[in-house]
Structure formats: structure tokens, C-alpha cells
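Each chain, written out:
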Amino acid sequence: MKTKFSGILTLLLAFVVQLTFAQGKTISGTVSDQSGMPLPGVNIIVKNTTNGTQTDFDGNYSITANVGDILVFSYVGLKTLERTVGTSNTINVTMEEDASVLEEVVVVGYSTFRKSEVTGSTVKLGSEKLTDVVVAPSVDQALQGKVAGLTVSSNSGTPGSTSQIRIRGISSITAGNEPLYVIDGVPMSNGNINTSGATSFFSNLAAFDSNNIESITVLKDASATAQYGARGSNGVILITTKSGKQGKTKFTFSSSYGVQNDAVDGPEPLTAAHRLELASEAYFNDGFFATKADAEAYLLGTSTYSSWDAAGRPEGNWKEVIKNKDAVVENYSLSASGGNENSSFYTQLGYTSQEGTVIGSSFERINGAINFSTNLTDNLKLTSNNQAAYTYQDAFLERSAYFEGARSAPFFLSPLYQPYNDDGTFNEFGGSLPNPLYITKYNINDNRLARIVSDSQLSWDLGNGLSLSSKFNVNYQVYNSRSYSNRNYGYGAATSGDAGQYTRNTVDYTFQNQLNYSFDLGENHSFDAMLLQEYSSNRRYFLGAYGENFADDGLFNLDSTGNPISINSNYTDFYLGAYLGTLHYSGFDGKYVLDLSYRYEGNSRFHPDERWGSFWSVGGAWNLHKENFISDVNWINNLKFRASYGVTGNANIGLNQYQSLFSYGVDYNGQGAQVVNTFGNNKLTWEKSNTLDLGIDFGLLDGSISGSVSYFNRKSSDLLLNVPLSLTTGFSSQVQNIGELTNKGFEVELNVDVVRSENFNLSIGGNIGTVDNEVTKLPLDPNGIERTITTTITRIETGHSVRAWYMPTWAGVNPTTGLEEYYINGVDGATTTDFNQAEAAWQGDNAVPTLTAGLNLHVDYKGFYLDANGYYAGGHKIYEGWHRYTNQTNAYPIFAFQGLQSLLDRWQQPGDIARNGKFTSAFTPWQRHSKYLYDGEFMRLRSLTIGYDFKDKLESIGLTNAQVYLRGNNLLTWVKDDNLKYDPEVDLGGQTGLETPPIKSISFGLTLNF
Amino acid sequence: MNKVFKLTTIMALSILLFNSCGTDDIEPTLAQDKPVEGSITSVGNLFSILKGAHSQLTSGGYYGQAMIITNEVRSDNCFSNGYSGRYSTQAEYAYNENTGYIWDNAYQVIANANIIINQPLDGLSGDLDHGEHIQGQALGLRALGHFDLLRSFGQQHTTGGNLGVPIITEFKDESNLFPARNTVDEVKAAIYADLEAAYSMMDTSYDSKLYFSKYAAKALESRVAIYFGDWIRARDAAKEVIDSNIYTIASAGSFVSNWTIDQAPNSIFELENSASDNAGIGGLAYIYRWPTFPATGYGDVQVVDDVYAFFEAGDVRRDILGYQLEATGATPSLRNMGKYPDTVTYTDNIPLIRIEEVVLNYAEALFEINNADPEALTQLNSITSNRGATPHVSVTKQIILDERRKELMFEGFRFDDLVRTGQSIDVLGSNQNLIQTLTYPNNLFAYPVPKAEIDANSNMVQNTGY
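Going line by line, the protein sequences match chains A and W.
What the first sequence shows, in our numbering, is residues 535 to 1544, in sequence order.
What the second sequence shows, in our numbering, is residues 970 to 1435, in sequence order.
There may be inaccurate statements among the hints.
Have a look at the derived ranges for each label pair, beta carbon to beta carbon [said to hold, decoys possible]:
id	chain 1	residue 1	chain 2	residue 2	range
1	W	1282	A	837	27 to 35 Å
2	A	1359	W	1282	54 to 62 Å
3	W	1162	A	1010	38 to 46 Å
4	A	837	W	1162	31 to 39 Å
5	A	851	W	1391	36 to 44 Å
6	A	828	W	1130	29 to 37 Å
7	W	1010	A	1359	38 to 46 Å
8	W	1367	A	828	35 to 43 Å
9	A	1086	W	1177	55 to 63 Å
These are computed hints drawn from the structure, not numbers from a lab.
Cβ atoms here follow ideal geometry from the backbone N, Cα and C, with glycine treated the same way.
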């Protein structure tokens, strides 16, 4: 029976085959992308015929063809494939990204263009590039090392903290240098929202889950940023959130779990035994005792030392006890996406929890998103993107040397004190620094934020290339912070405890109305024109109160305080209105591209007469590879020259600076009072930047080598400068439009696919950015003398970079006297031991790296893959903050506070060659000089990931794709300067501080698609 | 037809949308602040600014702490033990132009005082007599500010000649935004002129001890005159205060307790601190002593050991002193326990002028004018008789200075008394160890002008030695 059936079948098949030879046969199959996702809308034609079809929503197709015909599969942005029809009726294909054409679309300002038609300097990062840094919950950290000319430095390693980003250097001296964030087309402010200047930085950007971000585009040049007018000068970071894709609903679950520690161990503090030795030596040096032994005997007779001695000389190791070793970080996300012809959706739920590496600090976020779009009619489309998050940060006192801050303890608290009593309870010792373990356990500093960003847009396609859209965005934030000091121990004890509650509601509305018109003039000239009106109102409502005196423990709220001390509320607002017109021309299929933009913008920060400003840009591109004489050169796939020039602005100064103002925030004798608190300047207006950008984008050898080279020159003028005033005016400075500075540099991005094959791929990429910053003009005083802006360690003066290091120059320790010496003229020659006689001098560089680079490596073999990212920064210097108290041979490190072991290298007797002079028991004043200025150059292995991609191997259990990986962040750090013991990644102020240092982590992750 | 409809719709919508934002739509709200120009319409507004200026005096950078403490730690009364690192720079005379001092604070007070002084009263609503009184008070504060600047930065006790400080008499004076230094004599003359005008404009019916007052002007004039040795002016000014009979010398029984109450009978002008408005741990109480045992907080400013023996037994002023232990078994440290005593709520008012100082000013002036004037002894003993101290039988300059030291200890007078009488000063380290002795005159007796001023104003000349 069975044999018979087979025979019939064979016969039948032969007949069918015969039939198809004559009439053509039906070929069917599925087209999918590299990750196994079916691709809808792929064009399939039989080569050299008009016979064609498209794949459906599940990536399936069927087409009639003859054996020997060639099927051509094409899809925008993917490499076109050809398959010859053979005996099989099924042809499944996997399409790969086409690196040679890369016709991906790039969001540029308010418009979206094909990449080849972008005239400016932009870098687009897809979601896969944004999720490799787990050490920070906010996405800004992920940008480090991935965009040439962009530097990221975090304010603190405490989870939920902010980062400082600079794109192409410092464009302003006083006004803000932070780039503008644009989320789904709407500019919005992001940054630190902590109402306290003492406790941890708290970022509202951390309320966005990177899992929801489709891509980030960084706009660097004027042709793109001029569209953002007054806020574009510092560059623009465009964040596009994920949207639904047509097709059946797909789910993605991802999770990771990791442990974190400080990336760099940091300096070693002195031990108690060291303190005794050094204190004795100081007394001996000062002549109080005939021998060091006498001094030691005296010290051992004093109370603190004698009890320490009697207890068997235990060492209080504060550096270790304030660590939260192997701090846990975990991250979960579940998303679903799908849609049909008329509507699509994306929705997500995420949870992140991250402990800090310092006791008593952590961060938590729960967030959700729902993005959908639907065609209300044939030509009316509604899109709505909505994200909501609740974040919580357990913060602590870290932004200065707070005596109650856990991170102050290793550097300021004497190891003569023990953390614990013999019975294991906290040791409640006296002194100006209380036991941080007790404080951390019983005091409270926390921050909470609920943030909702809702963005709705109605688009009306009027036909004939005309469309109109209207967008409304709400950015609503409810912030609350709480402080509590216990009534038993520490600084709250004197007042029987204290508590504060502070809340700020932020309500930002943005309206955008946009009219687009696309038209062609003849066959070869196409135009996209756009008119836009934008209005944004930003309001802040603050309420806070503080009280003292609790009747009992365990009460934290103001209701329970016996003595209400202060109540505060305030309201601030600012507004912005703008009109924008852009014109995009593409000639001869994108061979020639021209962009024009003009923006007229008003900002409430300026006097009504100075409120409106004009910004514009011109950009052009020439796609050389589309020229006939190049298109034949087959190793050149892509070659574009681009240039742009334009004017952008900066208005990022405090509110209401243009008028002389009385503030009523003072009181006297229980009555309200007022003092003049703003000097005012009616003539204040926009700070402007003129930016020239030239570049070449290229793709060679079938796209295996691609990259770009750019040059930029940004000249900022009419700087909004806090011009120092004579203090006799009652003010220290006045904001004026004066001064000029330039930033120029080169940027190179390069990616090389060394090996490309089905089973093995190897690619190396990297970027380098340089920036040369120079102040070219500053105000003069009536005597014609330039009014430099000088601090104890920096100076702003023409001919130098902004805030270049400027301080007396250390000349070493005199081997005969043991005294530290300084060059009298600040440079060379004669020295002095009198610090006040030493002239300050330029020390070269400032705190901003002049050369930054990123390097990435990707290897995959069958399912296994390895990704590595490195970051380099150099050409800058870092100053050691707090050295007077911790790293100088005076009384602070050995009597009042605590010192570092680098002090052991000190002069003790004539002839000694030492880094530090002889110890003294005197409290020396702040003397900042070049000994504490270090070369900031460093390299860091930012991320290293090893993983396995199951692809479709798990389909049997219902998984379309799965990945597992092991990831390390900041595993290795190389620092050039041996004297720099702190982590080299400091904030852009350039001084080492007591904030939580950057973190290294090892995590395990899993992603499932089903 | 369809095309026409579409075009019309687009036109209509465009006009609607693109016409909806203008300059008025982006006008910011001034919710907490008001413009200086045009917002002063009543005498009440002037009073509000005056209160603001008083509030500025209470800041920790001025009379809330620095002005008083600095003049104590640089004298033979006190030293800094470096417990929290505060004031050791000043105590060891190790300051430089980056140290910073009251320069900015004093000129802020002067800026607000000038807004009051230069406001025409015509057209203001309210009690214009009170308005004139307020302008007198502002003149008094301006004089106080200039005097504090002069005694801190003037070159009168250095080798640096006759440089004083800039005299500022107008807020935001575009013609004087980069002032040069006036001479010591010019500043002194300006202070006297302001105080005389202040006295004549004020009316005692508006007086309060919590604000600069009519007799505060005279009392301050006597202080300034003593400082510069203008003895007749000092005598006359002090006499007017004493003869007003408004203020009474504290009795032996109330001397210590007066420091715990507000507006005591011996107080002429004091700065108000309340539970909700005070310098907190940045104030005087917290720096003079530890708030708890074992020691916590700051408590950097310790009293020199031999001060205790400076008072005779029975002198109630010795009761201001006390000993504190850092921890069990530690060496007791001598402390100011009685003046500005509140380390819990920090609500002690800060007396800036009290009658006893004026009496001592008067006695000294009388003695300097005629060292045989018996009234000098009488005035001096009006203090001792209220302190449980042995009356003096004769007067010498040293006796007067010693009496001033006992009476005014910890109140910020001692440094000025030492330098104005040309004495050397021993510099003590954190262990009360003698670091050096500074002979008179000395460049360290004047603070350096802050670097920020030098950098912003090329007309400014730095003090000699910095």
C-alpha cells in the first residue's frame, strides 16, 4: 500500500514538474531580517521582467516564475539579494543591512531625511548601541565614546545621578553648555532636579527607560541645530521612542542582573598608627618636644590616643565600612508591539532597581509606555506617545565634605575611632564627624519623581504633497524630597531631630503646528518645504517646609515636629515662541542637496525689546558617488561632501536677569523684608554661535569600510557672560552680552568590517574628536584693562582656553629645609617658601578633554558574539579637591581630619628627597598650586559583552529569538598620572570630589522574543 | 472645487495657528521679585529694605559670626583649635587674598542703605516722618559698613600708608562702578558725616533696640572716634548717649543673665535672631563651644588658658567662662560659655552696641583729653561696681584697656583695641603654641582686598604685603 502510494506520488510530481517547465511554477517563501523577524513589504521581481510582488505582513510571498529565472529581493536599507529559481518551490531568504547604501532615515530637526541627503554632522545610534551600559539608569551615560566630539561625565556614581554632556567643547562661559534634549520632536529640559544642593544629584532623564528608545540622533552642526534656534548652540540630542510595527503582536522580554563596585579603588587613607607617627613627627618638627618619642608619649597621654592604645590599637577602617560591596543592579522589561494596516502600537512595562556602591544609596524605577498610531480616515492620522515613570532615589550628603556624609568618612574621619562597639552596636563617638553608619541607618534623604510625558499628534495628508500636523505635548513632573535627622546622635541631636519636605510640580506644555509641502519641479528637482510654529510654556510650583524637635523616635513627618522653622513656596515660569521655515532641495535623485532654514524665536528671559532673535542656516551636500564618473568605480559605494554654515543661539541663563530686582526671600525680626538681589541689564539678548561644518561621508569596498571626516569651527559671540563687578556695587557680577570664543576641531568616524560571512563576522570601529577652545574677546574696564575672571585655580583670559588652569607653580620640596617651594614668577628660576609671594601662572590645558576617542569591536561566530567598547580622553588636567585637609603635611590630616597614605612620602631629615614637605601641627590656609594638578589622560574599557544568540533555534518552544549575555562595564581603567589616585572621570569642573565614584559592574542578561 | 476648498482651509488654519504667539505671550511672571525701578511707593517699602539690610548684617559672613570671631581669634583672648578647621587661618594670621572676608557683605548692606537714602520721600505714601527716620537709620548702617571695611582693610595700622576703602553713596552709580580707594581720612570723614546726619534725622519715638537708632548713631560715633583717637568727638558723642538716660548698665546680678534675654536694659542696638531666622550652626554659639558631651559640632574657638586668671575672684564677668571636656579623660578646655550661649535654638540676639562700651569710650576719651579728670575714674568704676570687682583708685591707659578687655571679651573688640594702641600681638597655633609675635605696625593687621575685587576693578590697589 505504502509503496504504491509513493509510486503514484512520484508520477504526479513528474507531471507537475513538466507542467511548470511549460507554464512557470509558483514559488513561495518567507523573507526575514538578520534577527529572524519577518519583513513585510519586501519587493520581489523576476529579473528583467515586470512580474513582481511584495511580502505580506508575515513576510510571506508567492510569485510565479520559471526555473532559471532570477528573483530579485529588495528593501530600503537592506542589501538587495538575487536567487535563481531551481527545482524547489520554496525560497526563504534572510536580508541583511546594506552598509554600502545605508539609506536609513535620519531625523534632522523637525524633519526626516534619507541619510544621503543629510547636509550636516549627525550621528545616529540605534537601540542596540544604547543598552550596553548598565551602570546608569539614564541613557545619557550610554553616549560616551560613541559619538566623536561628545564627552560625557557623570556628576556622581550614585544611581539616578545626572551627567554633563558637551558636544564639541564649551560654547559659552556663563550660560549653559548642556545640549538640548528633544524627545519625540519636542524640546524639553532635563537635568538635576534635586532641590537640595547638598544631597545626591537626581536626574529626571533617569525616568526614561532606555528599553523604550528606538534611536538617538546627535546633531552637531548648524544646519540641523539652527532649527532649534536659541537652544541649539550646544548641540541637540534627539531621542526617538519605539513605535509599533505592523504585523502580528510580538513580545520582547529582557532582564539583567549584576553586581557593582567602585571602578577605581581610590586613595588609601592613613591608618591610626600612621597618624600617631606623623602627629609625633609634627610636634617634634615644630619644636614642642625634644624627640619624636617624647611627642609620641605626650600624644598617647591624650584622651583619644590613650583609649585607642588601651583597646589594643584597633584600626577604624572607614573606607571599607562605608562600601556597599557587590551592589545589586537589576533590570526587567516586557514589551509588546504590533498592528494592522490602519493602526499600530507599542507598549512596555519596565522595572529597574540599583543599589549604590556607598551604603545608604539606591535607585528604583517603575515605568510604562504606550505608543500608538491609527489612521482615523484615509488621510487623517493620530499618533500618541505616552511614557510614565516613578523613580525613587535614596540619596545622601555627597556634594561637599559634609560631616554626616558617608563618603566624607574615609577622607575626614579619624581611624582612631571605631565603627562598632565590642557588642556590635554602632559606636556613638563625639567629634565634628559623627559615625556615618549610625547616620546612614537612622537619617533619611530621599528623592521621588513621577514623570509623565504625553505627546499627541494629528496629521492630515491633504494630497498633492501637502500635509498639516498639529502636536501637543505635556511634560508633567511631580518631585518630592524628604530629609530627616534623628534626635539622638549627629547634627540633628541638638534640636531633637529635624525634618524637611520639599515638593515641586513642573508643568511644561508645547504646541507645534506644522505645514509640509513636497513638490517636484520637473523630473530632477524635488523640494520639501516646511513651516512651523512652536509655543512652549514652562511652569514650576515649589512648596517646602522644615521643622525641628520630635517627641519620639520613628516619627518622620512635619506633623510630628514641635517647632516649625520654615515654610517656603515659590513659582517661576518661562516661555518660548518660535516660527520656523525650512526648505530641502534634492536634485537629480539626491546627487545635489541643499537645506535652508530660518527661525524667529522669542524668549521670556530677555527684555521685551530684545526678546526676539533670528537664526538661520545653509547646508549643502554633493553625493559624488551618484555622478557618472564615480559610479563606475566599483570600490566606491558612497561618497558625499557636505558643508553647512549657520547661526544658533543660547539663552540658557537664570530667569529674570534683565531687570534690577528686589528679592523678598529675607526676613528680620519675624517680618518680611527685601534686599536688592539682581543687578540687572536691560540690554541682555541672545548669545550667538556661528558654526561652519565641513565633512566627507564615505562607504568603500561594498560598504566594508565606512565612515566620515568632519571639520568644525564654531565662533560664539555676544557671550552671555557673568562679568565680574567691583564688589563695592554690592554684587559680584552682572550678566552682559560681551566676549567671544571659538571652538574648532576634527572628527573622524570609521567602521571596518574585517570579515563578513554567514558564520563569522568581525568589525572594528572607532571615533576620534578634537576640540581646540580659545577665548578671543573679553570686556575691558575703563582703564582698558581686560577683566579676566579668575579663581584660585583657573582663569578666563583671551588667548587661552576657557577656565584654563592658572595657579602658582610648585617647585618641589627643599631637601635641606623640608619646606615646599614655589616659583616666584610662576614659571622657573628663583623659588620662595612664602606662598603669597608666588605668582600664579598658566599650567596648560583646562578640565575639558581636547582629544576623546571611542573604539568598538564586534565579533560573532555562529551564535556567539563579543562586543567591546573603549573610551579615551586626554589633553586635560584634573585638580585634587580637598587636598588642604587630606593631602598636605599640616595639622588637618593628622589632628582635625584624616589624610591619605601619599603623605607618607614626606621630608623627615635634611637630605630627604620627598614629594611632601615636613609635617607641621599648624593649620595652613588653602594654598592651591600645581602640585595637586594632574594629567587627566585615561582609558577605560567601557563595556565588554560576551553572548549567545539562539536565533530561531528555540522556535520549538515558541521563541522566535533569544539571547543570553555576560557583560562587564568599566572593568579596566588606565590612568596616566600616578599621583592621581581618584577616579579620572570627574565632572567638568575638573576637581576631584567626594561624590560616589564611577562604578564597574558585571551583569548577566537575557532577552527573549516571542 | 475640491482644490479651492483645500486651499481655503489651509489658509484659514494657517492664519489661526501662525498668529497665536507674540511678545506678550512670552512675558515672564515676577512671582517672588519686584523691579527696583518703580516698586518703592511707600514708607513701608523703605522699612522693608531697611529690615533687609539688618538681615544682611546677621549673616554668618558678617556679624552672625565672622566679624566678631575674627577679631577674637586674632587677639590674646582666643585661638582656634582646628576642631572643624574653622578660623585657624585667621587665628594664625595665614590669610591671603583668596581667604575672603566681609568686603562683599558690608558693601551689600551699603547698597541697600543707598537705595533708601537716595529715594526722594516726596510722593511716597505713609508716615513721611518715619520715612526720614528710616533714611537716618540707613545712613547709620552705611556708616557702620564703611567703618567695618575701614578697620578690616584700611592701612592705618600697617606700613601701607593712608589707603582706606572706596566710599559708596549711590546704588548702581554708572559713573562709579570701578571705584578707587579713598584715603583713611576721607572714609573717616564720610563716616562722621553720615552719623551726624543720621542722628539729626532720627526721632527716638520710632526707636527700637532691634534696629539702628538715634543713640546708636552717637554710640557708634564714639566708637569710631576712639578708634581714631578723636577724643573730643568721642567724649561728646558718648556723653550724649549716657545723658539720654535710656540705657542702664547691667547690674552684677544681671550681667550674665542679660546674655540670655532679648533687648536687655544695657543694650543699645542688637541684631535679632529667632527660632526661624538665625545663623544656626554657622553662628556664634556653635563656634565658641561644643553643643554636647562628648564633644560634637564645631567648637573651634577656644579661650586662651591664662584669661581665667585675668579676672579677679568675685568678678561676675569670670562667670562667662567655663570649662568643657572633649571626652572623658581629656584636658579641660577654657570656653566662652556665657555670651551667645544658645547652642540649641541659636536664638540669642547679637548685641552690637551696649551702654557699657559707651561708658568705657567716654572714660577713655576723658582720660586722653585730661589724664587728671576725676570723671574718668568715676565712669570706669560705674562698671566695676556693677561687676563685683574691686574699684579702681586711679586711671591709666592700661587700666582702661584691661577693663575694656574684661567687659567686652568675646564681642569682637579686642583686636581693634590692641592695634589702635600700637601693641604687638602673639600669634597662637592650634595648641595655644606661640607661632610668632607680630610687632606694630604690621601688614597682617589689615586683610588683603579680595582677589575678586582686584580682578574686576583695575582702579583697586591691593594692600601692602599681599
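Hint check:
1. 1282(W) - 837(A): 27 to 35 Å: About 29 Å separates the Cβ atoms of residue 1282(W) and residue 837(A), which means 27 to 35 Å holds.
2. 1359(A) - 1282(W): 54 to 62 Å: 59 Å, holds
3. 1162(W) - 1010(A): 38 to 46 Å: For residue 1162(W) and residue 1010(A) the Cβ distance comes to about 59 Å; the hint is violated.
4. 837(A) - 1162(W): 31 to 39 Å: 56 Å, violated
5. 851(A) - 1391(W): 36 to 44 Å: At roughly 54 Å between Cβ atoms, residue 1391(W) and residue 851(A) fall outside 36 to 44 Å, so the hint is violated.
6. 828(A) - 1130(W): 29 to 37 Å: With a Cβ separation near 47 Å, residue 828(A) and residue 1130(W) fall outside 29 to 37 Å, so the hint is violated.
7. 1010(W) - 1359(A): 38 to 46 Å: 57 Å, violated
8. 1367(W) - 828(A): 35 to 43 Å: 39 Å Cβ-Cβ, so the 35 to 43 Å window holds.
9. 1086(A) - 1177(W): 55 to 63 Å: Given range 55 to 63 Å: violated, Cβ gap about 40 Å.
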